[in-house]
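Residue numbers (the working numbering), protein chains in the order written: chain X, 19 to 137; chain E, 10 to 500.
Read the hints as simulated data drawn from the structure, not as lab findings. Just so we're clear, the structure is a prediction, and the values are computed from it rather than from any experiment. Think of the CB as a built atom: it goes at the ideal place given N, C-alpha and C, for glycine as much as any other residue. Honestly, I wouldn't trust all of these hints.
What the hints assert, rightly or not - Beta-carbon label-pair distances, calculated as ranges:
hint : chain 1 : residue 1 : chain 2 : residue 2 : range
1    : E       : LYS407    : X       : GLN89     : 58 to 64 Å
2    : E       : ARG431    : X       : ASP128    : 33 to 39 Å
3    : X       : LEU43     : E       : LYS114    : 30 to 36 Å
4    : E       : ARG431    : X       : LEU100    : 39 to 45 Å
5    : X       : LEU43     : E       : PRO451    : 42 to 48 Å
6    : X       : LYS133    : E       : GLY498    : 53 to 59 Å
7    : E       : LEU31     : X       : SER46     : 42 to 48 Å
8    : X       : ILE79     : E       : GLY273    : 52 to 58 Å
9    : E       : SER207    : X       : ALA33     : 24 to 30 Å
10   : X       : GLN89     : E       : LEU417    : 56 to 62 Å
11   : E       : TYR471    : X       : ASP128    : 52 to 58 Å
12   : E       : VAL416    : X       : LEU43     : 23 to 29 Å
Stated by the list, open to error - Straight line, CA to CA, 25 Å or less: simulated PhoX-like cross-link-like pairs of lysine-lysine:
hint : chain 1 : residue 1 : chain 2 : residue 2
13   : E       : LYS297    : X       : LYS133
14   : E       : LYS157    : X       : LYS50
15   : E       : LYS157    : X       : LYS133
16   : E       : LYS297    : X       : LYS119
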Amino acid sequence: MEILYNSMYYVGAAALILIGLYVILVKSNLIKVIIGIHLLDTGVNVLLVSVGYIKGGKAPIFTGTSLGPTQFVDPIPQALVLTAIVIGVGVVALALSIAIKLHEHYGTLDLRRIKELKW
Amino acid sequence: MVASLLIAIPFLGAFAVPLFGLVSKRLSHYVPALALLANLIISIVLIPQVMSEPIIVSIGGFTPPLCINLVVGPLGLLLAILISLVGLLVAVYGVNYIQEEPREKYHMLLLCLLAGATGMVLTGDIFNLFVFFEILSLSSYALTAYNKDRGGTEAAIKYLIQGSIGSAFILIAIALLYGLFGTLNMADIASMVGGADSTFLFISLALLIAGFGIEAAIFPLNAWLPDAHSSAPSSVSATLSGIAIETGAYAVARVTYTVFNADGIMTLIAVMGVITLLIGEMSAFRQKEDIKRLLAYSSIGQMGLILFAFGISTQSGVFAALFQLVSHTLAKSLLFLAVGYMIYRVGSKKLAAFSGLGRRMPVSSFVFTMAAFSLIGLPPFAGFMSKFSVVRAALELKDPMFLWFVVLMLIATVIEAGYFFRIIQNMFFKQGNNIEGVKEAPLSCLVPIGILAVLIVVIGIYPQLVSGMLKAAAQGLVERAAYIQYVLGVP
Chain X
19 MEILYNSMYY VGAAALILIG LYVILVKSNL IKVIIGIHLL DTGVNVLLVS
69 VGYIKGGKAP IFTGTSLGPT QFVDPIPQAL VLTAIVIGVG VVALALSIAI
119 KLHEHYGTLD LRRIKELKW
Chain E
10 MVASLLIAIP FLGAFAVPLF GLVSKRLSHY VPALALLANL IISIVLIPQV
60 MSEPIIVSIG GFTPPLCINL VVGPLGLLLA ILISLVGLLV AVYGVNYIQE
110 EPREKYHMLL LCLLAGATGM VLTGDIFNLF VFFEILSLSS YALTAYNKDR
160 GGTEAAIKYL IQGSIGSAFI LIAIALLYGL FGTLNMADIA SMVGGADSTF
210 LFISLALLIA GFGIEAAIFP LNAWLPDAHS SAPSSVSATL SGIAIETGAY
260 AVARVTYTVF NADGIMTLIA VMGVITLLIG EMSAFRQKED IKRLLAYSSI
310 GQMGLILFAF GISTQSGVFA ALFQLVSHTL AKSLLFLAVG YMIYRVGSKK
360 LAAFSGLGRR MPVSSFVFTM AAFSLIGLPP FAGFMSKFSV VRAALELKDP
410 MFLWFVVLML IATVIEAGYF FRIIQNMFFK QGNNIEGVKE APLSCLVPIG
460 ILAVLIVVIG IYPQLVSGML KAAAQGLVER AAYIQYVLGV P
């Protein structure tokens, strides 16, 4: 339990990633798959942030107080996550708009019934 | 700083398209061609400087491990030239070919795609590689669905789901690498990679290869490609087949060679390449209905060949891989562009509808034949020289396993010849029905495919035109110590 507690954020990130992958692979409703994509993205973002996290760390703003560099969290992963969140929103928005078009053409969002293009 | 214009110009162009559209709709359709022409000129002007020493552009005034940097080496510049050349021709073609409104969005997305591809080949920062990769993939998802028809939307959603899983993998790998090394600069990671925990390195390498492998259509990850390339508008198919998947292959090569120095995994890459080659060519051979789907499967096969040549992992192997990449880009974009107007004129994608087209569309059919011969590897076209160098590089290893791979590769070439000859025979030696009214393609199509055809023949006859640059590019990829030294500035 001790290890689990100490690496809580990593465990959470891995759980989110695996749940996302599971949803994408197993569900046949397109909206659920898109939710899965978003869960996967979120899990990766949590992983990125927790790479730079220090327990009890402060935001890295130098204000003249006596905080040393070891008490600051790493700002670079947070910058990366900002970018990754924007990209994730773009992907999900595009996926939803394609889903609308698919529903217009096929009258369904069930991926098992959208299979006109064959291997 | 001139080198950073190569990325800035396409992006500025992309956002200028709707602004020009406010003034005049007609004017805005020429913006991509102008932007890419500027890119092509800049990148050709940069050649002599880059051949003597790679240009490092540091953004923000910090020195490389701290800042985001661009590394314009021979390899990056070679691919940038290829991207802007093919992009220019596709943009000229698209002015008349794309009739579906809103046309400004097509031109914007095309420029974004090409800017993403250029950024991928020029960047020296692994997170920027991911960002540019996402720009490229997002615009290609949208362009696949551009016609908004049944096939296009279905293909786009397949492509999107698989592509976003791939990019999540890449981001996980980047998080692992950052956790291990505390840096994102590829040269900095490469200099520290020797002393790190091999389990984490292996996991992140596997995730990166899987992520970029989805874009590069390596065999078990290629399910999206035939759908997307065959359902997209033909000019988009030419861009995807000629540029997007090649940048995926570039990313795989850059990661395995420069960042990880993964010698042990090269045989695996060669095996995956040969499997991809055989699966792609066999699927293309049994494709008797849809000509674009056949060409898409042939792209998978060619990607396998490029990957196989990268897997040889000697300098001549990398040279052969890059040569094959160049000749495939030229030939496959020509094929898709030519087929675009053939389908438009005939009104069907069916192979049978193309019978007798050699008389009705003589120029298009003729250059189609040239490109097909180049892909098969017949002299005097570029494909012969590139396939020949792949075979030579593989035999130089004197490894019995690679001898068998060459045998399999030649079998795949025979299969490839089988289906291309079937199309060509259909075009020239069969009587067609219902094609009386078919006219030749317009000039905006004939000029781009004519230029590509001339390039294929010229490179085939005078390979020394490109081989100097290709050799320098191969050297830049294999000699990672020199790359690290150029970027970080320490021996």
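Can you give the numbers of the hints that this structure goes against, from lowest to highest? Violated: hints 4, 8, 12, 16.
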